[in-house]
Every structure is written in C-alpha cells, then in structure tokens.
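Engineer: Residue-level listing of the chains:
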Amino acid sequence: MGDSQYSFSLTTFSPSGKLVQIEHALTAVGSGQTSLGIKAANGVVIATEKKLPSILVDETSVQKIQSLTPNIGVVYSGMGPDFRVLVRKSRKQAQQYYRLYKETIPVTQLVRETAAVMQEFTQSGGVRPFGVSLLIAGYDDNGPQLYQVDPSGSYFSWKASAMGKNVSNAKTFLEKRYTEDMELDDAIHTAILTLKEGFEGQISANNIEIGVIRADREFKVLTPAEIKDFLEEVE
Amino acid sequence: MLGHKPSLPLPPHRTPRSAVSANLATPAMSIFEYNGSAVVAMVGKNCFAIASDRRLGVQLQTVATDFQRVFKIHGKLYLGLSGLATDAQTLYQRLVFKHKLYQLREERDMKPETFASLVSALLYEKRFGPYFCQPIIAGLGEDNEPFICTMDCIGAKELAKDFVVSGTASESLYGACESMYKPNMEPEELFETISQALLSSVDRDCLSGWGGYVLVVTPTEVQERVLKGRMD
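As given, the protein sequences belong to chains S and E, one line each in that order. Mapping of the first sequence onto my numbering: residues 1 to 235, in sequence order. Mapping of the second sequence onto my numbering: residues 1001 to 1232, in sequence order.
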C-alpha cells in the first residue's frame, strides 16, 4: 500500500525492497498471451497463442516467434513492440560477437547480454523496464537449452516453463507431463496439449505458433500445415 | 604481405659507436626493424613448435639477450610477437586481459581459431595508427589438431599448414623452413628442425640472434628449451 508512493521513479526502491515498476512490468507480462517452452533430449520447442484482435487481421503478417541467430529462437509474453526492440538488440549483439570471434555466439552468452540490456532499463534515468518476459531456445555445443528472461533482467534455465495469462495451470500441467528423456516430437505434442488447456475457443493451426530447434541446430518456425499435422496427431 | 616494409640494407661493417652519435649517423630504419626479432612456428604430428630469438636491440646496439617474444595464452595456445618490442608487450597484455575475461564469462579456454580472429579484430581497430607487430599464433585445437597462423600488422590473417615466420629475419627464415621442413614430424625431430632453421636464419640477420627459445607443445606436455647460437 505504501509502495504506491514509490512508484513514480523506476529507480527508487520502495520500503519493502521492491522496484515497483518491475512488479508492474511483470503484471503486464502476466496478462499477456500464454507462451511456453520445453527442452527435450534432442531439441527444444517453444510455442505461443496467437490470438488476434479481429478476424480481419492478416494472421500471416504477425510473427510472434523470431530467430535471433540461425540456432537460437525466442518467444515472448507481454508487449509486442517491446519484444521487437529486444529482438533487434539481441540480433545485433549476436552479430557483434561473430565479428569479433568469427564464432557463433553460445546460447548462454546471448541470454546474458540480452538480460544485461533489460537490466540497464531498470537502472537508468528516463526509461521504463521492458514489458516482456522472453523464452530463449537454442542448440549449441552444450546441447539444447531453454532460458527465461524477465523484465528485471534475471534469467533462469528451464527444462520446461510457461509465461503469461495461464501460467499456473500450464506449469502444473508441464510438471506432470515432463520427463527427462523426452523426444522432441513428444515435447511438441505436450506443448500443444498445454496450450490447449487454457485455450479460449477452438485451437487451430492459425491461432498458435510453434518454433522448433533440433540437433541440426537450425531454428525453424513451423508452417501452419506442419502445425496442423501435429494437431491431428494430438487429437 | 601488407606489413612488410622495404628494409634498407645495412652496411656490412659497423665500427661500434656510442648510442648518441648512432642516431645521427644511422640511415632511417623501418620501425619494424628498430628492435630486431625473429619468430617462427611449425606444425608436427599432433604437436607444434614455436621459437624466437632472444635479442632486444635499439637499432644497432644490443640491450638485452633474454628478451621474451613468445607468450602463453593458455596451456594449449601460444602467441609470438615480432616487431616493435613495446607494441609486442602492450598487445600481449591487452590480449591476455581479453582472454581472461573470456575464460570467466564462457567458462572455457579460447580455441586457437577464435583467438586468431580476436587478434585480427584488435589489430584492425588500429588500422590508421597500427601496432607495429606481426603476430604468430600457434595452438592445439579442440581435438588436439595443431593450428598455426600469422597476420600482418593490421590483421590480415594467413593460415598455414606447415610453418609461419615473422620478424627481421623472415626472408632467411622462409628459405630455411622451406628446405628443412617436412610434414608429420615427431616432437623431437620437430625441435631439431625448428632450432636449426631459426639459428641459421638469425645468423644472416644482424638485428636478431643472441640465442634462441624453443617451445614444443604436445597434447600431454610442453617442453621449453633455450638454444645457444652465435652470440652476436
């Protein structure tokens, strides 16, 4: 309650030790569309709902899952425009790394640098934190990896995670369904089922997006036709 | 190669003069020849060798006979720097700094190819006011595959499968290595070959010499040896 008096400046701590703007940013994330990621033994899958505000919107023009490098992809929950800015910055950082070392950036390093950018916006004057949480999926020499990055700039490695509106149900579902030695195709089925759990309306190939990276280290966003095949297998 | 400045032939016989008058009487020398140096690296069977001379001079005067030109970056990666000694030292310090931070961030050692790219990028940053050095990078890669490369003073990489040379004695070194080198030499034979190539080349160059320093690196051990050649 007394915290609201301290929410005018992002860079001021409240007496309870919180940065209120970050809490609000997390609320923005929590009311965003559900997204999730699952790390399998031989790859990673990330997925999200793609609910458009009207049937008149051209769904092919909206791409919520993006690649940061050929072997790293990202999905978000929260504010789309903030996501686009972060994607742009991360891509640039990945390329700067390559220019210096002529080596593709390891997933952990890219996550670390992206998180550092997000943290900067919690400690600078005149800016606000990013209203997105990211799920970064990649495959490099250390195998398949899945990281979540929050508006505060903290990051965590997950075996499976969810964010957004339906987060608690989705996480419970994932906890039950996840196994260590899951194959990627099983993981994709599980991802679809998890999305279905909290889905309002009829799930179809045009209102979800799925991104996959396998041992070939190429991040791909599945086409609606491919999603349709997986949906049929699930039913 | 870009960094190779035309060198003025020095008069064969020089009567010793004091350092003060030497500056007035000596013809203009290339900055790469101010200190004098010779560095060479060779690839063997699952091993590599890197060697350098030990003279540090100020034009014609010898100032040190134990100068270090080959530096360790990590257990399986070594850097040799010929050219201006101050730039060699500074460049080495900057690279070690970058590598230590890399080790802390990425929790692993740098691969030789990656390190070579880093050196190249660092040198090109100073494109219009360069470090007057010619680096030689030698290391064992992921599966202990030997890797050597050299570059000019602004970072143009040159990979080689057999040997790389640099320094004021480079022309003699090219000749000596070309005739003495053969592929897939064992560490002992590689040591002999690189030592002979180095010593015979620096004997033909008045600015390098005063012995040699040879490092032979295999996946399991590193052998350092100091050579005694013509001490002049």
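It cannot be assumed that every hint is accurate.
With a cut-off of at most 27 angstroms between alpha-carbon atoms, the simulated DSSO-like pairs for lysine-lysine come out as follows [to be verified]:
{"#": "1", "chain 1": "E", "residue 1": "Lys1111", "chain 2": "S", "residue 2": "Lys102"}
{"#": "2", "chain 1": "E", "residue 1": "Lys1161", "chain 2": "S", "residue 2": "Lys92"}
{"#": "3", "chain 1": "S", "residue 1": "Lys102", "chain 2": "E", "residue 2": "Lys1098"}
{"#": "4", "chain 1": "S", "residue 1": "Lys89", "chain 2": "E", "residue 2": "Lys1228"}
{"#": "5", "chain 1": "S", "residue 1": "Lys228", "chain 2": "S", "residue 2": "Lys50"}
{"#": "6", "chain 1": "S", "residue 1": "Lys228", "chain 2": "S", "residue 2": "Lys176"}
{"#": "7", "chain 1": "S", "residue 1": "Lys92", "chain 2": "E", "residue 2": "Lys1045"}
{"#": "8", "chain 1": "E", "residue 1": "Lys1182", "chain 2": "S", "residue 2": "Lys92"}
Interface residues of chain S toward chain E, partial, derived using beta-carbon atoms under 10 angstroms [as the list claims (entries may be wrong)]:
{"#": "9", "residue": "Gln95"}
{"#": "10", "residue": "Arg99"}
{"#": "11", "residue": "Tyr101"}
{"#": "12", "residue": "Gln109"}
In short, the hints are calculated from the structure, not lab data. The beta-carbon is built from N, C-alpha and C at its ideal position, and this holds for glycine as well.
Engineer: Decide, hint by hint, whether the structure agrees.
Structural biologist: Now for the hints, and whether the structure bears them out:
no. : hint                     : in the structure
1   : Lys1111(E) <-> Lys102(S) : holds (11 angstroms)
2   : Lys1161(E) <-> Lys92(S)  : violated (34 angstroms)
3   : Lys102(S) <-> Lys1098(E) : holds (15 angstroms)
4   : Lys89(S) <-> Lys1228(E)  : violated (56 angstroms)
5   : Lys228(S) <-> Lys50(S)   : holds (15 angstroms)
6   : Lys228(S) <-> Lys176(S)  : holds (25 angstroms)
7   : Lys92(S) <-> Lys1045(E)  : violated (41 angstroms)
8   : Lys1182(E) <-> Lys92(S)  : violated (45 angstroms)
9   : Gln95                    : violated (13 angstroms)
10  : Arg99                    : holds (7 angstroms)
11  : Tyr101                   : holds (5 angstroms)
12  : Gln109                   : holds (6 angstroms)
The structure is inconsistent with the numbered hints 2, 4, 7, 8 and 9, although it conforms to all the rest.
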